[in-house]
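A.B. asks: If you want the building blocks of each chain, they are given just below.
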Amino acid sequence: MTTRAPAPARPGPAAVVIDATGLHYRVLNERIHAAVAAGARSIVLEGVCGQRYIGDGLEGDLAIEVRGVPGSDLGAFMRGPRIDVRANAQDGVGNTMSDGLVAVHGDAGDIPGHSMRGGRVYIRGDAGYRVGIHMKAYGDEFPVVIVGGTVRDFVGEYMAGGLLVVLGLPGGHGRPPGRANDAGRLLGDFAGTGMHGGAILVRGAVDPRCVGREVAIDPAGPADLAALGRFLPEFCAAFGLDAAPVMAGPFQRLSPRSNRPYGALYAY
Amino acid sequence: MARTRVAPDFAVRRDTARCINCKACVRLCANGVHVWDEVAGAPVADESKCVGCHFCEEHCPTRALSIERAPAETTSGGHWTRSAIRGIGRQAETGGILLGAMGNDRPQMAYFDRLVLNAAQVTNPSIDPLREPMELKTFIGSRPDRIEIARGAGGRPRLGAPLPPLLEIETPIMFSAMSYGSISLNACRSLAGAAGEIGTCWNTGEGGLHPDLESCADRAIVQVASGRFGVTPEYLARAAAIEIKVGQGAKPGIGGHLPGGKVTEDVSRTRRIPVGSDAISPAPHHDIYSIEDLKQLIFALKEATRYSKPVGVKIAAVHNVASIAIGIVHAGADFIAIDGIRGGTGAAPSVIRDHVGIPIELALASVDQRLREEGLRHRVSIIAAGGIRSSADVLKAIALGADAVYIATAALVALGCHVCRTCYLGKCNWGIATQDPALTRRLNPEVGQTRAANLLRAWSHEIKEMLGGMGVNAIESVRGNRDHLRGVGLSQVELDLLGIKHAGSPW
Ligand code: SF4
Ligand code: SF4
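Heads up: the protein sequence lines correspond to chains F and V, in order. Mind the numbering: the first sequence is residues -18 to 249 in the working numbering, read in order. Mind the numbering: the second sequence is residues 900 to 1406 in the working numbering, read in order.
Wrong hints could be hidden among the right ones.
[Claimed, not checked] Here are some of the chain V residues that sit facing chain F, going by a computed Cβ distance under 10 Å: (1) Gly1126; (2) Thr1131; (3) Pro1132; (4) Ile1172; (5) Ile1179; (6) Ser1222.
Hints are computed from structural coordinates only; laboratory data are not their basis. Note that beta-carbon positions come from the ideal geometry of N, C-alpha and C, so glycine has one too.
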């Protein structure tokens, strides 16, 4: 496992500013493409309100700061850029993303990191259902999703590779921690069902009843802590958190019992 | 595993008068049927392993071998078929789901066989396609509701709005989705090369794009399926069109998995997953739980490719296929591929392959009809798939409303497949449905390309002959024109669903 090149820094004072107020996503995204084509490497989007597909398919060394709440599929199919969202995000953050970094300062909706193949999705607050579903790793492509708060049901479903971390910190915007379900657990039900690769690291206790049958629960080992050491400082830096208490854990690891969960299903 | 009690399907007959003990069969059969018996100094056969692929039969230098159906003697009558009894036997031994490959092997009604085409006699002249132009060129994609005309400099008319992107194919026949992994790289090369040679499209399936096939990507329809294997920015950028795979005729409503044993080094590189890991495609796309979500993915793909190529959706033909198709058009798809109950697969639970879904002919007719009624037919192209065996099936499908068809089994048969239906074993003797280098070598991609291109050429010629016979000079004249069809031996309900008259009825 290796990490990719560090993501570009956040937009600085030389950033190109695009006012997204009232723009349809198609117009907004064309303006972003036009700015990139004109050489912009740093873009601030003001007045974003629900526009979908920001950063969709964008490639290369580029930093985008989103002010306002972006719509679904933020950073879908993206490879390379860094997107910072100063508010909540909707569903599908980093959907089928290849590389790059998305940092959401608030909460995110369902399926962040869906089928993600590389790069990082960092969510400061809570996230919804099916976080990191079907993430997969190959060679130096290694997707990472870190959720600062809690997640709901089916986290890491079908997970085939990469790293998913749930920290259980107090929520984004200084709120108390969210609750993944009525029992107030860090994870919803059915965590890791169908999981056949990768690992989910949870900071705090894991109730075995909320974990899928194909998943083993163990205390995090040295390799897990090393992986956390690679990504948690970046997560904490993105949100201005002190890394030491977060790193202190303790962490539990959820990992698959087999990489062939359905190997004995058929009559030959 | 203990020796199976289930009796063999095939009898391997060896004419000892012809056999010269060359051991070719021993070397050739990947299923290990033929073994050399040192004591006898002759090959012997373990028939229980024979899948009936006829490879040894066709490659025996003295034609000493013949592979025959084993006598299907049971005391029971029609209801308790041999396959029902054998299936239970295998399930009693293993407790597993029965797997099948290729299309439905039950006597499902093939409506194509009950449809007949028309020809011109006296009142309008037929056309000889050998001497007169005959147009098969087809465009796949969405047409605008109207053409906006604006006036440019000097009042010259020009298009007022850009037209949606269209896929141009020289014949209305494309190769259907077959992933690298389910078939060999040489099989992919053969089909991709033939598509380029003829000017039509091939389809990557959901296995990603192998580097060796990148040069053929401009003729590739790339699939985005629930597993999202190999879906990278350049995969989307290079393609001619993008197909969101929701369903497949051989396994409507279920996902799939390529067993870890088939995820070799090279397959793993294309799918972007580790060697030996199961490649699991979930049953649904987990970002699509509704038509609105489908719209979101369609436009995520259009945004990613800057609206430069058609984005379509492939579904299995199911009971409410027409309503689903309406939803797909409203979701912004540029084409809909519909795969009927006879559609093939590399592996599917037989029970689903054989019993779930509806015939493509009925699905096609009902979708075309509903789209017309809703005034949406121009917004989408329809690609029909699932059991197309001949140019006549192609033309009938087009007359029922398809813009083009997908073929897969027929294409593999052109490459040598004998439809033994054991693709899931990974030991295809013809080098098609296998990743074993000793077997894939048997399929020369240049020969394969020629054979697959020949099939498309031959069918295209036949279609031109049939069109000429009807007295029309373009496939466009027959598209959705059901007056060219008549039914034979069909009930009124079936005729109404197909939107055709019974044979013998005048225009
Ligand atoms: S499996 Fe094929 S090659 Fe082997 S004996 Fe049977 S027909 Fe011959
Ligand atoms: S592709 Fe090969 S294994 Fe599959 S049916 Fe054809 S000959 Fe048999």
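A.B. asks: Should the interface hint for glycine 1126 of chain V be scored as holding, given a Cβ-Cβ cut-off of 10 Å against chain F?
C.D. replies: Because about 7 Å separates glycine 1126 of chain V from the closest Cβ in chain F, which is inside the 10 Å limit, the hint holds.
A.B. asks: Let's test the interface hint: is any C-beta of chain F closer than 10 Å to that of isoleucine 1172 of chain V?
C.D. replies: At about 5 Å, which falls below the 10 Å cut-off, the nearest Cβ of chain F leaves the hint on isoleucine 1172 of chain V intact, so it holds.
A.B. asks: Can you verify the interface hint for threonine 1131 of chain V: is its Cβ closer than 10 Å to any Cβ in chain F?
C.D. replies: 5 Å, holds
A.B. asks: Under 10 Å is the threshold here; is the Cβ of proline 1132 of chain V close enough to any Cβ of chain F for the hint to stand?
C.D. replies: 5 Å, holds
A.B. asks: Given a cut of 10 Å on the nearest C-beta pair, is the interface hint for isoleucine 1179 of chain V held or broken against chain F?
C.D. replies: 6 Å, holds
A.B. asks: Serine 1222 of chain V was flagged as interface toward chain F. Is the shortest Cβ-Cβ separation under 10 Å?
C.D. replies: Interface hint status for serine 1222 of chain V: violated (25 Å vs cutoff 10 Å).
The earlier numbered hint that this structure contradicts is number 6, and it is the only one.
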